[in-house]
Amino acid sequence: MLSGDIYLKSLNVFYGPVHAVKGIDLSIEEGKVTTILGANGAGKSSTLKAIVGGVNYTGSIVVGTVPIDGMPVHKRVENGIVLCPEGRGIFYTMTVKENLLAGAYTRKHAKLELAFEIFPVLKERINQIAGTLSGGEQQMLAIARAIMAEPKYLLLDEPSLGLAPVVIEKIAEVIREINKRGITIILVEQNTTLALSLAHKAYILENGRVAAEGKPDELMKSDVIRQKYLGGVRA
Amino acid sequence: MINQILLGLSNGAMYSLVAIGLVMMYKVSGVMNFAYGNMGMFVTYLVWWLTSVIGINLYISIVLGIIFAALMGISVERFGLRPIRHLSHGSMLIVTFGVLMILEGLAVQIWGTEYKAFPELITGTPLVFKGDFGIIVLRRQDLLVFVTLTTISILLLLFTKYTKFGIAVRAVSENEEVAGYMGINVGTVLSFSWAFGVSMAALVGFISAPKVFVSPLMLLFYQIQGFTAAVLGGFETFTGAVFGGLILGVLEKLVESYISEGFKASFSLAIIIVVLILFPKGLFGKTLRRRV
Amino acid sequence: MIWIILATLPFILIKNAFIITILSLVGVYALASLGLNIIMGYAGQISIGHAAFMSIGAYTSTLLSMKYNVPVTIGVIAGGLLAFLFGLLIGFPALRLSGFYLAIATMGFVVAVEQFIGALDHITGGHAGLRGIKFPYLFNSDVEKYLLVLAFLFVSYVLARRFVNSKTGRAWMAIRENETVASVVGVNPAKYKLLAFAFGSMLAGFAGGLYAHVTGFIAPSVFGLGKSLDLLAISVIGGMASLDGPFYGAIVYEALPFFFSRTNLSLSIVFGTILIFVVLFMPLGISFYISRLRFNYLNAIIAFLKKARKPYGRFIDTSFGKIHYIQHGNGRVPIILLHGNFASARFFEPFLKMLPKEFTAYAMDLPNFGFSDRLTSVTIDKYADVVNEFVDNLRLERFVLLGHSLGGSIAMAYAVKYPQRLIKLVLVDPGPIDGLFVPDEGIKLLQKYKYNPDLIRKSLMFNAPTFDDERLFEKVTSDALRIPKRAIREVAEALRTYNYSAQASNVNVPVDVIFGDKDIILSLWQMEKTAAAFPKGRLHVLKDVGHSPILEAPERVFQIILENL
Chain A
5 MLSGDIYLKS LNVFYGPVHA VKGIDLSIEE GKVTTILGAN GAGKSSTLKA IVGGVNYTGS
65 IVVGTVPIDG MPVHKRVENG IVLCPEGRGI FYTMTVKENL LAGAYTRKHA KLELAFEIFP
125 VLKERINQIA GTLSGGEQQM LAIARAIMAE PKYLLLDEPS LGLAPVVIEK IAEVIREINK
185 RGITIILVEQ NTTLALSLAH KAYILENGRV AAEGKPDELM KSDVIRQKYL GGVRA
Chain B
443 MINQILLGLS NGAMYSLVAI GLVMMYKVSG VMNFAYGNMG MFVTYLVWWL TSVIGINLYI
503 SIVLGIIFAA LMGISVERFG LRPIRHLSHG SMLIVTFGVL MILEGLAVQI WGTEYKAFPE
563 LITGTPLVFK GDFGIIVLRR QDLLVFVTLT TISILLLLFT KYTKFGIAVR AVSENEEVAG
623 YMGINVGTVL SFSWAFGVSM AALVGFISAP KVFVSPLMLL FYQIQGFTAA VLGGFETFTG
683 AVFGGLILGV LEKLVESYIS EGFKASFSLA IIIVVLILFP KGLFGKTLRR RV
Chain C
27 MIWIILATLP FILIKNAFII TILSLVGVYA LASLGLNIIM GYAGQISIGH AAFMSIGAYT
87 STLLSMKYNV PVTIGVIAGG LLAFLFGLLI GFPALRLSGF YLAIATMGFV VAVEQFIGAL
147 DHITGGHAGL RGIKFPYLFN SDVEKYLLVL AFLFVSYVLA RRFVNSKTGR AWMAIRENET
207 VASVVGVNPA KYKLLAFAFG SMLAGFAGGL YAHVTGFIAP SVFGLGKSLD LLAISVIGGM
267 ASLDGPFYGA IVYEALPFFF SRTNLSLSIV FGTILIFVVL FMPLGISFYI SRLRFNYLNA
327 IIAFLKKARK PYGRFIDTSF GKIHYIQHGN GRVPIILLHG NFASARFFEP FLKMLPKEFT
387 AYAMDLPNFG FSDRLTSVTI DKYADVVNEF VDNLRLERFV LLGHSLGGSI AMAYAVKYPQ
447 RLIKLVLVDP GPIDGLFVPD EGIKLLQKYK YNPDLIRKSL MFNAPTFDDE RLFEKVTSDA
507 LRIPKRAIRE VAEALRTYNY SAQASNVNVP VDVIFGDKDI ILSLWQMEKT AAAFPKGRLH
567 VLKDVGHSPI LEAPERVFQI ILENL
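Residue numbers (the numbering used here), protein chains in the order written: chain A, 5 to 239; chain B, 443 to 734; chain C, 27 to 591.
Just so you know, not all the hints are guaranteed correct.
Here are the simulated BS3-like cross-link-like pairs (lysine-lysine), alpha carbons at most 27 Å apart as the crow flies [as the list claims (entries may be wrong)]:
#1 A:Lys112 with B:Lys606
#2 B:Lys695 with B:Lys572
#3 A:Lys127 with B:Lys606
#4 C:Lys336 with C:Lys501
#5 C:Lys470 with C:Lys443
#6 A:Lys79 with B:Lys606
#7 A:Lys127 with B:Lys695
#8 A:Lys112 with B:Lys572
#9 A:Lys26 with C:Lys332
#10 B:Lys603 with A:Lys115
#11 A:Lys112 with A:Lys101
#12 C:Lys336 with A:Lys26
#13 B:Lys603 with A:Lys101
I should point out that these hints are in silico values taken from the structure, not numbers from a laboratory.
Just so it is clear, the structure is predicted and the values come from calculations on it, not from any experiment.
Taking the hints into account, I'd like the entire structure generated from these sequences.
Structure (C-alpha cells):
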C-alpha cells in the first residue's frame with residue numbers, strides 16, 4: 005500500500021491531437037482535501053484519470069517517494085488510489101449489492117458495512133436495481149462503491165453534478181466524514197462554493213494549465229481570481 | 443405434434459448454446475464474432491483428427507479441444523481485436539471476417555472438403571413415453587442437448603450472480619471504463635469472454651457433428667440460427683439467448699413440416715428483419731444501454 | 027488519361043486472351059466493390075451480402091439474353107436495375123439496423139438468395155448453374171468483353187464520384203461518423219442510407235451481369251457468402267473510403283493466385299490474413315498509401331516545377347539582404363504596398379493597373395516571400411525595419427503605406443515606430459491590432475502548403491472569393507512556393523505575438539481600415555478594435571467582398587485612399 009503526498013510532475017495528457025493537460029505540476033497533501041477547479045474542458049477530469057492510470061500521459065506521478073507511472077489501473081486501485089468517476093457511472097442493471105461488490109473487487113473480503121456506516125440508506129435498498137435509485141442515491145452509491153475499494157486516496161469527479169442543493173449538502177457532509185477517517189481526497193468540481201468550503205488547498209486549471217493555486221481563503225481574497233474563475237463567489 | 447415440438451426444442455437448444463456464446467462475447471467485448479461457427483468447426487475437425495487419425499480417447503480429445511478453443515478465443519481477441527478496440531467498431535467486425543476466411547481455408551487445406559463422420563457422444567435407443575397425450579419419443583441425442591443447455595444455463599446464472607469474477611464480467615459488459623476504475627482487470631475479463639464463447643462454439647460442434655458430419659461449412663447454418671436466436675432474445679441477456687433459441691427451433695420445425703425445408707435460411711432472415719423492426723431490443727429486451 | 031490507357035490496353039495484349047480476361051475480372055470486382063465502398067466506406071454500413079446483388083444481376087442479365095435474346099448491354103443494365111430494387115427492398119429494413127445487425131441481416135440475405143436461386147431449378151438451372159452463356163461479338167470477344175466492362179466501370183466511377191463529391195456524399199460521411207449528429211444537422215439518415223445501399227447494390231448488379239458474360243458460367247454458389255467476404259476484403263484492402271481503392275483491391279485479389287499457385291496454399295487463408303493485416307496495420311488501405319505517395323512526391327515535383335524562377339522587378343540592397351520590388355506609375359505621391367501571407371508583390375498587379383495618376387507605387391516582396399532574401403527569426407517589428415530601410419534607400423520622404431493582411435500588421439508596426447513619415451496609413455483586412463491568433467494545429471496545416479501548389483492556390487482563391495483570374499493565382503502560387511518551410515511557421519508565430527494597442531494612440535495620421543465583410547479569417551469586431559486604436563482611425567466595411575479587397579474591389583480601395591489625402 006502506498007502512502008505519502010502525491011506529486012504530479014509536468015503532467016501532459018493527449019487525446020489524439022487534443023492536448024488536454026499541458027504540463028501541470030500539482031502536489032496533494034496526504035490526509036487533506038485538495039480541490040481542482042476550472043471550466044469545462046480545463047483538463048480537470050483528465051488529470052484525475054491520469055492519477056488513476058485511466059488515460060495515457062507523459063510526465064510523472066509520484067506517491068510518497070514511489071513513481072507509479074507504468075502501473076496499470078487495477079494495481080493502482082489495489083494500492084489505494086480510487087476514482088469515483090463523473091456522471092456517477094454506476095452499473096445500472098446491477099443491484100446495489102452487486103455494485104458494491106464490484107467496487108470491492110480488489111479486496112479479498114468485501115466489507116459491506118464500510119459503505120453502510122456512511123450511507124445507511126443504501127442498506128435498505130441493498131437488493132434494488134441501481135438504475136431505479138434516485139439521482140442523489142445513485143451518487144451516494146457511486147461514492148460508497150469507491151469506498152468499498154478501501155482507498156487511501158479518493159478521487160471524486162464532480163460528485164455534485166446534477167443534484168439538488170439539499171443533496172449536495174449531504175454529499176459535502178459525506179466527503180468531510182470520509183476525510184476525517186484519514187482518506188486523502190482530490191475533488192474535482194465546477195461547484196466552486198462547495199469545493200472551496202471543503203478544501204484545504206485548491207488549484208485552478210485553465211486550458212490545461214494551472215492558472216492559480218493556494219488556500220481557498222487566499223484565492224478568494226484576490227478579486228481577479230474571484231471574478232475570473234470562481235464565478236464571483238464571495239469570500 | 444408434440445414430437446415435432448420436441449424435435450424443434452432439441453434443435454432450438456443447440457441454437458441457444460450458439461447464442462449464449464455469441465452473447466457472452468458481444469456483451470463483454472462489444473464485437474459480434476462472425477468467425478464463431480468456423481472457430482467451432484475448426485476445433486471439431488481437430489477433435490475428429492485426434493480421435494480418428496491419432497487415436498486418442500474421444501473424451502480426452504474433447505477436453506483438449508475445449509482447451510484449444512479457449513486459447514484460440516483468447517488469442518484472436520488479444521492480438522486481432524484489442525489493438526483496435528475503441529478505434530473502430532467496423533474494423534473489429536472485419537477482423538472476425540478475416541478469421542472466418544482463414545479458418546475455412548485452413549480446414550480445407552488440412553483436411554479437404556470431404557465430410558468426416560464424428561462419433562456419437564451418446565448412444566442408445568430412444569426413450570419412449572406413452573400416456574393420454576399419445577406417444578413421445580425422446581432421442582438420447584436430444585437428452586444430451588437438453589442436459590447440456592440446462593447445466594450451462596444454471597452454471598452461468600450462478601457464476602454471474604454469485605461469484606466475484608462473474609460480477610466483474612457483468613460490470614465490464616455494462617461499463618468497461620468504470621469497471622476498470624473498480625480495479626477490475628478488463629483485459630482478463632475480455633480474454634475470459636472469448637475463451638468461454640469459443641468453447642461454446644466447440645461444444646456445439648461436438649454435439650452437432652455426428653448428425654451434420656464434419657465439414658468446412660458445418661456450423662455456418664448454426665451460426666446464422668444462433669444470430670437469429672440472439673436477435674430474438676435481444677442480444678443482451680443470456681436468458682434471452684436461451685429462450686430465443688428454443689422459440690426459433692420450434693418455429694423452424696413448424697415451418698419445415700408445414701411449408702418446405704428449402705426456405706429455412708429465408709425464414710430466419712425474415713425473422714431477423716421482422717424482429718429487429720418490431721422489437722429492436724428483442725422479445726425479452728429490457729436494456730437501458732446501447733453501444734454506439 | 028488513365029482511362030484511355032486502360033482502354034487501349036487490350037489492343038496491346040490482343041494475343042494474350044488470358045490476361046485480357048483477368049483484366050476484365052479485375053474490372054468486374056472493382057465495380058462490385060466500388061458499390062460496396064459506397065455502402066461501407068462512405069455510408070458506413072457493413073454489408074456482407076454484396077455478392078447476392080451480383081447474383082441477382084448475373085441471373086437477370088443471363089436469363090434475359092439467353093431466353094429472350096436481349097442485347098448484353100441492356101441485359102446488364104436490367105440486372106443492375108433489379109439489383110437496385112432489391113437494394114431498396116433489403117435496404118429498407120436495414121434502415122432500422124446498424125452495425126452488426128445489418129451485417130447479420132445481409133449475411134442472412136446472401137445465404138437466402140443462394141438457397142432460393144438454387145431451389146428454382148427449372149428457371150435457373152438450380153445449384154448446378156448455367157453454362158455457355160453467349161456473348162455476341164464483332165471481332166474479338168475478349169477485347170470486347172473487356173471494353174464493355176471498362177465502359178460500365180467508367181460510367182459507374184464517374185457517377186460514384188459525382189455522388190461522393192456532392193451533398194449526398196457529405197451526408198453519407200456525416201452518417202458514417204455519427205448518425206445522431208447527422209440527423210441533428212438536418213441529414214435524413216434513412217433516405218441517404220437507402221440511397222447508398224441501393225446505388226451500391228446496383229453497381230454489384232452490373233458487376234454480376236458482366237461477370238456472367240465474361241466467364242460464361244454462373245451458379246448460385248459462385249455468389250455465396252465466400253464471394254461476399256472476398257468483396258469486403260477487396261474493399262478493405264484497397265481502402266474503404268476511396269473511389270480508387272477497389273481497383274487496387276481487385277488487382278491484389280486477381281493477382282494473388284499467381285503468386286501462390288505453386289505453394290498450393292488455400293487463397294482464402296492468404297486473403298484472410300492480408301485482410302486482418304490491413305485492418306490492424308494499414309486501416310486506410312492501399313489507396314491511402316498511393317495518395318500519400320502522390321501527395322508527398324508528385325506534389326513536391328509539381329511544386330518544384332511550378333516554383334517561380336525569374337525575377338520580374340528590380341532589386342535593392344538592404345542590411346536584411348536583397349529586396350525585390352516593382353515600381354509603377356510616376357505621380358507625386360509615393361505609395362508603398364505590403365502584401366499578405368503566402369502572397370508576393372505580384373499580388374498587386376491588377377491593383378497597379380488601376381493606379382490613379384497621383385501615385386507612384388512600390389510593391390515589395392517581403393523578405394521570405396517572392397524573390398526577396400531569407401529573413402531569420404521573424405518578428406513583425408523586424409519586418410517594419412525592413413520597410414524602413416527600403417523607403418530610405420528609395421529616398422522617399424513621406425508616403426502612403428498600404429498593408430494587406432500580414433502586410434497590414436507590418437504597416438501598423440511601421441506606423442507606431444515612424445509615424446512622422448506617413449501621409450496616411452491604409453490597412454486592408456490587416457492582422458488585428460493585438461495580434462492574430464493561429465493555433466498550433468493551424469500552423470502544422472499551413473506547413474503542408476509548402477509542397478502543395480493546389481492548396482496554396484485554393485486558399486488564395488478562397489480569400490478572394492469574388493475575384494477570378496486564375497492566371498494571377500497561378501503566378502502568386504509560383505512565388506509562394508519559394509517561401510522557405512521554416513518561414514511559414516515563423517511568420518505565423520510572429521503574427522500571434524505582437525500587440526500595438528497602446529502605441530497606436532501616438533499615430534496621428536489618418537488611418538483607413540478596410541474590411542470585406544465576407545472575410546473568413548478576420549471578424550468585424552477585430553477590425554473595429556483596430557480602427558478604434560488609432561486616434562484618426564476609420565473603418566470602411568465593403569459589402570460582399572472577401573479577405574482581399576485589393577483584388578475584389580480595387581476602385582473602392584482607391585476611392586478610400588484618395589479621400590482626405
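Structure-based check of each hint:
1. This hinted pair checks out: Lys112 of chain A and Lys606 of chain B have alpha carbons roughly 10 Å apart, not beyond 27 Å.
2. Proposed proximity of Lys695 of chain B and Lys572 of chain B is supported: the alpha carbons are some 22 Å apart, at most 27 Å.
3. With a CA separation close to 20 Å, the supplied pair Lys127 of chain A and Lys606 of chain B stays within the 27 Å bound.
4. A distance of roughly 11 Å separates the Cα atoms of Lys336 of chain C and Lys501 of chain C; the hinted pair therefore holds under the 27 Å criterion.
5. In summary, the hint linking Lys470 of chain C to Lys443 of chain C is not supported, as the alpha carbons are separated by about 32 Å, beyond the 27 Å threshold.
6. Restraint check for Lys79 of chain A and Lys606 of chain B: the C-alpha separation of about 17 Å stays at or below 27 Å, so the hint holds.
7. About 50 Å separates the Cα atoms of Lys127 of chain A and Lys695 of chain B, which puts this hinted pair outside 27 Å; it is violated.
8. Under the criterion of a C-alpha separation no larger than 27 Å, the hint pairing Lys112 of chain A with Lys572 of chain B is inconsistent with the structure, at around 54 Å.
9. A threshold of 27 Å between alpha carbons decides the hint, and for Lys26 of chain A with Lys332 of chain C the separation of about 41 Å lies outside it, so the pair is violated.
10. For the hint linking Lys603 of chain B to Lys115 of chain A, the alpha-carbon distance of about 18 Å falls within 27 Å, and the restraint holds.
11. Restraint check: the Cα-Cα separation between Lys112 of chain A and Lys101 of chain A comes to about 16 Å, which is no more than 27 Å; the hinted pair holds.
12. A threshold of 27 Å between alpha carbons decides the hint, and for Lys336 of chain C with Lys26 of chain A the separation of about 46 Å lies outside it, so the pair is violated.
13. Taken as a hint, the Lys603 of chain B and Lys101 of chain A pair is honoured in the structure, with Cα atoms around 11 Å apart against an allowance of 27 Å.
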